[in-house]
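Colleague: The primary structure of each chain is shown beneath.
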Amino acid sequence: MSEFISANLPYLLAGISVGGQYALIAIGYTMVYGILRLINFAHGDVFMVAGLVMVTAAASLPIGVAIVLVIVATIILGVVIERVAYKPLRSAPRMSVMISAIGVSYLLQNCALYFTGGLPQIYPTIPFLSNSVTIGGATTKMVTVVTPILTLILIFALVTLIQKTKIGMAMRAVSKDFETSELMGIKINKVISMTFVIGCFLAAVGSMLYFTNYPSVIPTSGAMPGLKAFVAAVFGGIGSVPGAVIGAFIIGICENIIKGLGLTVFSDAFTFVLLIVILLVKPTGIFGEKATDKV
Amino acid sequence: MGKKLKTKAAPEQRAGTILAAAALAVLYVFLFLLDNALPTNSFTVMLIPVLQKGAIFALVCVSMNLLNGFTGLFSLGQAGFMLIGAYSYAIFSIPAEQHNAVYQYFEGGIIKFSIPQILGNALGVNLGNIVGAIICIIIGGIVAGIFAALIGIPVLRLKSDYLAIATLGFAEILRAFFQWDGLGKLTNGSNLLRKYTNFHDIKIQLGGFIYQLDTVFPFLIATISIGIIVLLVNSSYGRAFKSIRDDEIAAEAMGINLFKHKMMSFVISSFFAGVGGALLAMFQTTVQAAPFRTSMTYEILLMVVIGGIGSITGSVIAAFLYIASSEWWLRFLDSGQFMDMSVPFFRDGFRKVVFSVIIMVIVLFFSRGIMGDKELSFAGMIRKFKNKKAKKAEAGKEVDPE
Numbered sequence: 000m001s002e003f004i005s006a007n008l009p010y011l012l013a014g015i016s017v018g019g020q021y022a023l024i025a026i027g028y029t030m031v032y033g034i035l036r037l038i039n040f041a042h043g044d045v046f047m048v049a050g051l052v053m054v055t056a057a058a059s060l061p062i063g064v065a066i067v068l069v070i071v072a073t074i075i076l077g078v079v080i081e082r083v084a085y086k087p088l089r090s091a092p093r094m095s096v097m098i099s100a101i102g103v104s105y106l107l108q109n110c111a112l113y114f115t116g117g118l119p120q121i122y123p124t125i126p127f128l129s130n131s132v133t134i135g136g137a138t139t140k141m142v143t144v145v146t147p148i149l150t151l152i153l154i155f156a157l158v159t160l161i162q163k164t165k166i167g168m169a170m171r172a173v174s175k176d177f178e179t180s181e182l183m184g185i186k187i188n189k190v191i192s193m194t195f196v197i198g199c200f201l202a203a204v205g206s207m208l209y210f211t212n213y214p215s216v217i218p219t220s221g222a223m224p225g226l227k228a229f230v231a232a233v234f235g236g237i238g239s240v241p242g243a244v245i246g247a248f249i250i251g252i253c254e255n256i257i258k259g260l261g262l263t264v265f266s267d268a269f270t271f272v273l274l275i276v277i278l279l280v281k282p283t284g285i286f287g288e289k290a291t292d293k294v
Numbered sequence: 000m001g002k003k004l005k006t007k008a009a010p011e012q013r014a015g016t017i018l019a020a021a022a023l024a025v026l027y028v029f030l031f032l033l034d035n036a037l038p039t040n041s042f043t044v045m046l047i048p049v050l051q052k053g054a055i056f057a058l059v060c061v062s063m064n065l066l067n068g069f070t071g072l073f074s075l076g077q078a079g080f081m082l083i084g085a086y087s088y089a090i091f092s093i094p095a096e097q098h099n100a101v102y103q104y105f106e107g108g109i110i111k112f113s114i115p116q117i118l119g120n121a122l123g124v125n126l127g128n129i130v131g132a133i134i135c136i137i138i139g140g141i142v143a144g145i146f147a148a149l150i151g152i153p154v155l156r157l158k159s160d161y162l163a164i165a166t167l168g169f170a171e172i173l174r175a176f177f178q179w180d181g182l183g184k185l186t187n188g189s190n191l192l193r194k195y196t197n198f199h200d201i202k203i204q205l206g207g208f209i210y211q212l213d214t215v216f217p218f219l220i221a222t223i224s225i226g227i228i229v230l231l232v233n234s235s236y237g238r239a240f241k242s243i244r245d246d247e248i249a250a251e252a253m254g255i256n257l258f259k260h261k262m263m264s265f266v267i268s269s270f271f272a273g274v275g276g277a278l279l280a281m282f283q284t285t286v287q288a289a290p291f292r293t294s295m296t297y298e299i300l301l302m303v304v305i306g307g308i309g310s311i312t313g314s315v316i317a318a319f320l321y322i323a324s325s326e327w328w329l330r331f332l333d334s335g336q337f338m339d340m341s342v343p344f345f346r347d348g349f350r351k352v353v354f355s356v357i358i359m360v361i362v363l364f365f366s367r368g369i370m371g372d373k374e375l376s377f378a379g380m381i382r383k384f385k386n387k388k389a390k391k392a393e394a395g396k397e398v399d400p401e
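Listed in order, the protein sequences are those of chains G and C. Position one of the first sequence corresponds to residue 0 (numbering that gives the first Met the number 0), numbered consecutively onward. Position one of the second sequence corresponds to residue 0 (numbering that gives the first Met the number 0), numbered consecutively onward.
Just so you know, the hints here were simulated from the structure itself, not pulled from any lab data. It is possible that part of the hints are untrue.
[What the hints assert, rightly or not] A short list of chain C residues far from chain G (calculated; beta carbon distances all over 10 Å):
#, residue
1, Phe29
2, Leu46
3, Val49
4, Asn99
5, Ile145
6, Ser159
7, Ile164
8, Ile223
9, Ile381
[Said to hold, decoys possible] Listed next, with one range per pair, are the computed distances between beta-carbon atoms:
#, chain 1, residue 1, chain 2, residue 2, range
10, C, Ser334, G, Phe114, 17 to 25 Å
11, C, Ala148, G, Ala137, 43 to 51 Å
12, G, Phe114, C, Asp180, 33 to 41 Å
13, C, Leu257, G, Leu60, 51 to 59 Å
14, C, Arg346, G, Ala58, 14 to 22 Å
15, C, Lys259, G, Thr124, 41 to 49 Å
16, C, Thr16, G, Glu181, 49 to 57 Å
17, G, Pro126, C, Ala148, 53 to 61 Å
18, C, Ile227, G, Met223, 33 to 41 Å
[To be verified] Far from chain C, by Cβ distances over 10 Å, these chain G residues were calculated:
#, residue
19, Ser5
20, Ile75
21, Ile98
22, Ile134
23, Val144
24, Ile148
25, Thr159
26, Phe177
27, Thr179
28, Asn188
29, Asp267
30, Leu274
31, Ile285
A virtual CB, placed ideally from N, CA and C, is assigned to each residue, including glycine.
Isolated chain G, as found in the complex:
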């Protein structure tokens, strides 16, 4: 057992780290789905845009300012997308909103392609995060250690926000019943915007951690992590924050162990196998509430 762990330690560490990054993205999916019943296909691309903003900002600004700028820009982008592309379709069938989300994803990718000219953008090194560190004989970047800790802190803060504050209570109410909460005087639009603010803030933080492990950002960098984070959200039970986090860690770790076994082609496919299995065995996910279909 200890032999297995020491042989696979680098993969395990990478898995935990990637899992934490997926978790940060997955929360954006799960919260939006919980409230709007919408798979926000554009979320992965918002994550990618956060990476590109970082590249641009770090080129001319000190890194601290750049980090703040990335977070602010990502939040603004998320809220604008919601206002422009999802809000007008609030009473439309769910399929239309999903198509709109796919359209936004397509738009963001094409804009990114235009602004980058199709060239991979070298991601700046964020001091401290990029430093090397040795754990149990495996050398890795500091980000591997920082990610799970930071993820857990942020999630603890988020759960507190949802459980203890007024806006959190409003969020829970809206995700339980959209129309009734509106009748009870909750300002729906404010709650939805807040959801996007939180989701995009976490995606921006996630993008800084994620791209530190990769040399560059390309317009399609966001698609795969986005889908995986979504699968994590479904796995954990969509609408549930702790579920999404656990799902993300499971996916991140399994994916890296599969890479360690030399089956890299299947590392992406595994995620979807997991998705299909969970949908068949327990469609509501591990922590999902049991939904009753009303006729």
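Once you have looked at the hints, place chain C on chain G.
Modeller: Positioned in the frame of chain G, the structure of chain C alone reads:
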């Protein structure tokens, strides 16, 4: 009253059918001339690939519309089934002597024959290529259909967005399998499949002359396939599909077997996606699994939305418009030139930005697309024209308040 209307509608219907047949005949004559007689210039060089690709995507869009628009199953697996079709086609039509070159890393592959070649020996090269290509295309469709049947058993129990994400997941799994070295002897791993029969090899010999059928061939396959889908949609099965789309519970209460019909729609749609994939393989002359990613499905979905979800003619129009604008008409946006003026922000990729903005505008403000759920037909046009005439005549006789 009803009877009177019916007798009135019949001649228009007949005239519409005749007109449609005539229009198709004119189209095919034009395509034939385009392949053989018209000179090659900057116009036809753009027109031919746009028409070929347009026909292919028209077919793929209609097949997706059968599922998403007519049966109400929001599936995002189209690219995966096209991938299966493209690979099945290519694998069975690579000439035997090329196997060692194509499968150079996999000891010449496992399949050592080529269907067009075998038929070529029996029927002559040209006829062998045509019949062989058609057989390989059908194989592509059937393999895609079989996979759809297997995938459908678990997936079709899911609803709306869960179905979408599960089919999308299956498409990604398929892509991974086709790139896997373990299947390399069949799929060539992540390397290209090439040298197989493509559109340019489709020729016909008539009275000593050899005629090219580069554009006629994909149109013919697409027309027949779309025709079959139209017949299906208008049959009792089609009505069952539409009732499932409109209200699953009511449909079930009326005695429609939900699973059976959903499965049927899924398999047939995938069959034609496979056929479309095979045609795309012919068009590209090389196949690789990598480009058949989710974004391809998204593009097809956006075409369907532009045309109108639930309209076959809409899908066809949208596919041609989409391909023509993205490959041809909007090219100037990438060139940095507009009417001999240089525009600074017109550079590579700007076309796609403009394009996606247009798509967003359609999605947000014209969500019914070009056709909504109506169909464009000659009979309908005649009726409209007649009504207008009748109204005009009436307005001439007496002052109409309208």
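Colleague: If a hint holds in the structure, say so; if it does not, say that too.
Modeller: Hint by hint, here is what the structure shows:
With a cut of 10 Å on Cβ distances, phenylalanine 29/C stays outside the contact zone with chain G, its closest approach being about 33 Å. No Cβ of chain G approaches the Cβ of leucine 46/C within 10 Å, the least distance being about 25 Å, so the stated non-interface status holds. The Cβ of valine 49/C lies farther than 10 Å from every Cβ of chain G, with a closest approach of about 20 Å, so its non-interface assignment holds. The beta carbon of asparagine 99/C sits about 24 Å from the closest Cβ of chain G, which is more than 10 Å, so the claim that it is off the interface holds.
With a minimum CB-CB distance of about 18 Å to chain G, isoleucine 145/C clears the 10 Å threshold, and the non-interface call stands. Against chain G, the non-interface label of serine 159/C is violated: not every CB pair exceeds 10 Å, the least being about 6 Å. In this structure isoleucine 164/C is not separated from chain G by more than 10 Å, as the shortest Cβ-Cβ distance comes to only about 7 Å. Even its closest Cβ contact with chain G, about 29 Å, leaves isoleucine 223/C beyond 10 Å, as expected for a residue assigned away from the interface.
Residue-level check passed: isoleucine 381/C sits 33 Å from the nearest beta carbon of chain G, beyond 10 Å. With their beta carbons about 18 Å apart, serine 334/C and phenylalanine 114/G fall inside the hinted range of 17 to 25 Å. Separation of alanine 148/C from alanine 137/G is about 46 Å and conforms to the stated range, judged on CB atoms against 43 to 51 Å. Restraint check, phenylalanine 114/G to aspartate 180/C: a C-beta distance of roughly 36 Å satisfies the suggested window 33 to 41 Å.
Between leucine 257/C and leucine 60/G the CB atoms are about 58 Å apart, so this pair conforms to the stated range of 51 to 59 Å. For arginine 346/C and alanine 58/G, the hinted distance range of 14 to 22 Å is satisfied, since their beta carbons lie about 20 Å from each other. For the pair lysine 259/C and threonine 124/G, the supplied restraint of 41 to 49 Å is violated, since their beta-carbon distance comes to about 58 Å. Here the CB-CB span from threonine 16/C to glutamate 181/G is close to 52 Å, well matched to the stated 49 to 57 Å.
For the hinted restraint 53 to 61 Å between proline 126/G and alanine 148/C, the CB-CB distance of approximately 55 Å keeps it satisfied. Between isoleucine 227/C and methionine 223/G the C-beta distance comes to about 36 Å, which sits within the given range of 33 to 41 Å. Taking the minimum C-beta to C-beta distance to chain C, about 28 Å, the non-interface status of serine 5/G holds against the 10 Å cut. The beta carbon of isoleucine 75/G is kept farther than 10 Å from every beta carbon of chain C, the shortest such distance being approximately 18 Å.
With a least CB separation of 5 Å from chain C, isoleucine 98/G falls inside the 10 Å interface cut-off, contrary to its annotation. A cut-off of 10 Å between C-beta atoms confirms that isoleucine 134/G is not in contact with chain C; the least separation is 31 Å. At the 10 Å boundary, the C-beta of valine 144/G stays outside the reach of chain C, the nearest C-beta of that chain being 31 Å off. The claim that isoleucine 148/G is not at the interface with chain C holds, since no C-beta of that chain comes within 10 Å of its own (minimum 31 Å).
Every C-beta of chain C lies more than 10 Å from that of threonine 159/G, the closest at about 29 Å, which supports listing it as non-interface. For phenylalanine 177/G, the non-interface assignment is confirmed: its Cβ lies about 16 Å from the closest Cβ of chain C, beyond the 10 Å cut-off. Residue-level check passed: threonine 179/G sits 22 Å from the nearest beta carbon of chain C, beyond 10 Å. No beta-carbon of chain C is positioned within 10 Å of the beta-carbon of asparagine 188/G; the least distance is around 17 Å.
For aspartate 267/G, the non-interface assignment is contradicted: its Cβ lies about 6 Å from the closest Cβ of chain C, within the 10 Å cut-off. Leucine 274/G, annotated as away from the interface, has a beta carbon of chain C within 10 Å; the closest lies near 5 Å. With a least CB separation of 15 Å from chain C, isoleucine 285/G remains clear of the 10 Å interface cut-off, as annotated.
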